[in-house]
Every structure is written in structure tokens, then in C-alpha cells.
Amino acid sequence: MSSSKRVNSDKPKNRTATVEPKRKKNSVLLEVNRSLFLEPTKNDIREAFRDQKPCEIENVAELTSKPFNFCLLHHFLVGNDNVESLKNELFDIDFHQKNNDLYKFQQSDDLQQFDTPYIEAFRNCLTEKMVPWLQDVTDIPLDGKISLTCSKYAHTDVLLCHDDELEGRRIAFILYLTPNWKESDGGALDLFDVDAHNCPRDVVRSVVPRYNSLAFFEVSPVSFHQVAEVLSEDKLRLSIGGWFHGPPIQRPPPYVGPVENRLGYCSVELDVFRSWINPIYLADEIIQKIRKTFRSKSEIFLEDFLQEEKFKALEEALRDPSIIWHRMGPWNHRNTLQDPLPLPPVVEECLSVFRSDAMFLILSNLTGLRLHRLAQRSDDSSSEEEEEEEEGDEPRARCTQKVYKWGHGNYILAHDNDPSSQECSLDLKLYLNVGDWK
Numbered sequence: 026m027s028s029s030k031r032v033n034s035d036k037p038k039n040r041t042a043t044v045e046p047k048r049k050k051n052s053v054l055l056e057v058n059r060s061l062f063l064e065p066t067k068n069d070i071r072e073a074f075r076d077q078k079p080c081e082i083e084n085v086a087e088l089t090s091k092p093f094n095f096c097l098l099h100h101f102l103v104g105n106d107n108v109e110s111l112k113n114e115l116f117d118i119d120f121h122q123k124n125n126d127l128y129k130f131q132q133s134d135d136l137q138q139f140d141t142p143y144i145e146a147f148r149n150c151l152t153e154k155m156v157p158w159l160q161d162v163t164d165i166p167l168d169g170k171i172s173l174t175c176s177k178y179a180h181t182d183v184l185l186c187h188d189d190e191l192e193g194r195r196i197a198f199i200l201y202l203t204p205n206w207k208e209s210d211g212g213a214l215d216l217f218d219v220d221a222h223n224c225p226r227d228v229v230r231s232v233v234p235r236y237n238s239l240a241f242f243e244v245s246p247v248s249f250h251q252v253a254e255v256l257s258e259d260k261l262r263l264s265i266g267g268w269f270h271g272p273p274i275q276r277p278p279p280y281v282g283p284v285e286n287r288l289g290y291c292s293v294e295l296d297v298f299r300s301w302i303n304p305i306y307l308a309d310e311i312i313q314k315i316r317k318t319f320r321s322k323s324e325i326f327l328e329d330f331l332q333e334e335k336f337k338a339l340e341e342a343l344r345d346p347s348i349i350w351h352r353m354g355p356w357n358h359r360n361t362l363q364d365p366l367p368l369p370p371v372v373e374e375c376l377s378v379f380r381s382d383a384m385f386l387i388l389s390n391l392t393g394l395r396l397h398r399l400a401q402r403s404d405d406s407s408s409e410e411e412e413e414e415e416e417g418d419e420p421r422a423r424c425t426q427k428v429y430k431w432g433h434g435n436y437i438l439a440h441d442n443d444p445s446s447q448e449c450s451l452d453l454k455l456y457l458n459v460g461d462w463k
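In terms of the working numbering, the sequence shown is residues 26 to 463.
Keep in mind that the hints are not guaranteed to be accurate.
Each pair of labels, with its calculated beta carbon distance range [said to hold, decoys possible]:
(1) S231 with N435: 17 to 25 angstroms
(2) E258 with R344: 24 to 32 angstroms
(3) R344 with G193: 47 to 55 angstroms
(4) S321 with V371: 29 to 37 angstroms
Hint data in this document are derived by calculation from the structure and do not stem from the laboratory.
A virtual CB, placed ideally from N, CA and C, is assigned to each residue, including glycine.
Given the sequences, and given the hints that come with them, work out the whole structure.
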């Protein structure tokens with residue numbers, strides 16, 4: 026694709042006077058970079074959006090087409106004093122901590138509810154200037170509704186990969202309000218390309234926040250992006266972000282990946298099994314105590330579950346630098362290192378032990394879950410379960426096994442389309458090489 030770069034030298038010409046909306050007494054008027062409204066500028070941006078080609082207008086705008094149309098408007102608001110006044114008002118409002126598996130940062134309430142002079146003036150800029158301008162250059166219909174909040178990202182804050190897709194959101198935008206931000210500070214806006222299933226694949230562009238620049242892009246099934254982790258310990262990444270709304274469009278159904286292969290239990294020699302498991306967890310008295318605790322809390326932490334010799338052998342084997350770990354996505358679900366090759370023999374034996382007939386039985390007795398036909402009957406077993414047992418039905422318990430290497434930037438997210446989340450399951454995690462973990 027071809028690209029274009031134009032040096033902006035046009036001056037706004039005198040035009041017929043227009044009637045401005047009435048404003049409150051003591052209100053503030055914020056102006057948007059006038060160069061954006063020049064016909065040559067609009068034509069260049071409109072053509073770039075339409076043809077999905079890059080375009081740069083010096084000191085005004087930069088548009089890239091890969092991985093999707095993305096535009097950055099420089100020197101967006103006229104007058105640094107005005108920008109600083111807007112920032113000061115934002116620092117005076119309350120923020121709420123947002124923290125779950127997808128994100129960690131602070132966010133204000135909807136800025137539509139604040140009537141301070143500069144926040145109100147910024148809203149007016151978006152409504153009166155940017156809504157018609159965006160419709161003109163992008164050809165995306167908008168209905169005038171704007172959602173906007175202020176966000177603060179401090180050290181280690183992050184917003185992982187997502188696509189902003191929600192009914193009515195048509196154009197996403199971010200106004201960056203932190204001066205002197207550098208790539209080494211983290212907090213870049215990362216843009217992802219997609220695979221054949223429209224799942225995010227790789228970060229192909231990282232946008233470093235630039236003071237008083239407005240970024241925007243169309244919300245679509247492929248507009249995957251993230252705010253990378255903030256690395257600076259003394260800077261605060263401040264921005265106003267949100268969406269211009271419009272008529273909803275038809276979206277393709279989300280891709281649902283293949284269900285992981287689920288395995289039944291296998292046979293392992295009893296001597297091998299006992300060589301791995303701490304004998305304390307095979308004692309009936311301890312099993313009953315654990316079962317009682319698990320029944321009330323639905324979770325339990327079992328210290329020194331493996332024999333020390335086996336545990337150390339596992340740790341040593343997985344520290345081998347020659348092992349190749351495979352990165353697995355998609356990024357909106359996970360970013361993991363897993364499936365080590367070659368699989369060390371001691372790790373292979375450990376996996377067999379955890380998938381063994383004996384382990385299914387021990388886990389049944391420790392938890393009260395019916396994972397094995399010989400499991401102790403729970404005191405609160407339902408009549409249906411008892412009837413099944415009387416009829417000799419085999420429990421249909423199956424398992425999946427994964428070996429992960431966790432480091433900075435690795436994660437797994439909860440998501441609606443995970444087939445395993447639709448069924449009851451028992452999660453078992455064994456932690457290795459975490460002696461100095463803080």
C-alpha cells in the first residue's frame with residue numbers, strides 16, 4: 026500500500042459566521058487544533074480511512090492501517106494552559122480502584138456528570154466538533170452519545186488484551202494527558218493483528234502516550250488492543266478515554282476453540298504411587314480432617330504433598346535451560362508458556378501419578394467428590410448419586426494436565442466461551458521453584 030505525508034501549511038480562511046450554542050456564565054471555551062478542519066487535511070484522512078493506507082500530516086495527524094485503522098491527532102487542544110487546567114480539574118475528582126483478572130488501574134465516574142468548567146468544555150468539544158468531524162472522515166454513523174471517563178495508571182497497572190466490543194460502541198478514543206512519557210515507562214497502547222479466526226495473535230504496533238494527543242479507532246471484531254504494564258515507579262499515566270456511540274452493527278459469533286482432550290485415569294504401580302505421595306495424606310484420620318475442611322471451604326492448601334526427593338527432582342528437571350516452552354494464546358484468553366519439550370522423564374512420571382487410578386481415588390476421598398467408583402460415600406450424597414452407585418454406574422471423571430512456566434506478562438483470563446467453565450471441575454495446582462517468590 027502507498028503512504029502519504031503532507032506538511033501542513035494551510036491557514037484557516039475567513040468563513041461565514043456561525044451561531045455558537047449558548048454557554049453558561051463563567052464557562053470555558055476549549056478549541057480543537059484548527060488544522061483538523063481544513064479541507065485538505067480532512068480529505069487526506071478520509072482517503073486514508075477509506076483505502077486503509079497510512080497517512081501523515083506533520084504536527085497534525087498520523088494514521089496507520091495495520092493492524093487496523095488507527096489515528097493519532099497531535100496538539101489536539103489549543104493552548105497548554107488549557108490542557109493543564111483540564112488536568113487540574115481531573116485530579117480533584119474521585120477515582121475508584123478497578124482490579125480483576127483483566128485490569129488494574131484507577132477510574133473516575135462518567136465525566137458526563139461533572140459540570141466543572143474545563144471538563145464541561147472538553148465534553149462540548151467532543152459533541153460539537155468531533156462527532157461531525159469523525160462522521161465526515163470515517164463515514165461511521167454516530168448518534169451523539171459519548172461515554173467518557175478519566176483513568177490513572179500507576180506502577181504495575183495494566184489493561185490486558187480486549188476489543189472494546191459492546192453494543193453501540195463505534196469509535197474508541199483516548200486523550201493522553203501525561204507529558205514527557207517515554208517508551209521505557211511502559212503503558213504503551215499495544216495493537217494486535219488477528220489470525221484466521223479473528224483471534225488476537227501478535228502485538229504489531231505500540232503507541233507511546235504523547236501529551237495532548239487524541240487517539241481513535243473503530244471498534245470492530247478485530248480491534249484488539251491493550252495498555253501495557255506501567256513500568257515507571259514515579260510517573261502517573263493520565264488519560265481521558267471512552268467511546269462515540271452509534272447504531273449497532275452485526276458482529277460475527279465469537280470463535281470457540283477446540284475442547285481439550287480429557288483423559289480417564291491410567292494404571293500406575295502402587296509402589297511408584299507411594300514413592301511420590303507424602304504418606305501423611307494417605308492416613309485415614311488426616312483424610313477425614315481434610316475432607317471436612319474442603320466441604321466447608323471448597324478449597325484447601327496441602328503442604329509438602331509430594332515426597333521431598335521427588336519434589337526436588339521435579340524442580341531440578343524443569344530448570345533445565347535446554348527445555349523449549351511454547352507460547353499459547355489467544356491474548357484475550359491467555360498468554361502462557363507451556364508444553365515443555367523434551368518432557369523430562371521425572372515430569373512425565375509425575376503426570377502419570379497425578380492421572381493414576383490411585384490419585385483419582387485419593388482425591389475423591391480428600392474432597393468428597395465422586396471421581397472414582399471406590400470412593401468413600403459422602404455423608405450428604407444425593408439420593409440420585411446413591412441410586413447410580415447401586416446400579417453400578419462408573420463415575421465419568423476425566424482430567425486435563427498442563428505444565429506451565431510462569432513469568433512476567435503471563436496470565437490466563439476467565440472468559441464466557443471457555444467450554445470447561447460450563448462444567449463442574451476440581452482444580453489442582455502444584456507449585457514448583459517458588460521458594461523465593463514474593
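Verification of the supplied hints:
At roughly 19 angstroms, the beta carbons of S231 and N435 sit within the given window of 17 to 25 angstroms. Here the CB-CB span from E258 to R344 is close to 30 angstroms, well matched to the stated 24 to 32 angstroms. For the pair R344 and G193, the beta carbons lie near 51 angstroms from each other, so the given range of 47 to 55 angstroms is met. For S321 and V371, the hinted distance range of 29 to 37 angstroms is satisfied, since their beta carbons lie about 36 angstroms from each other.
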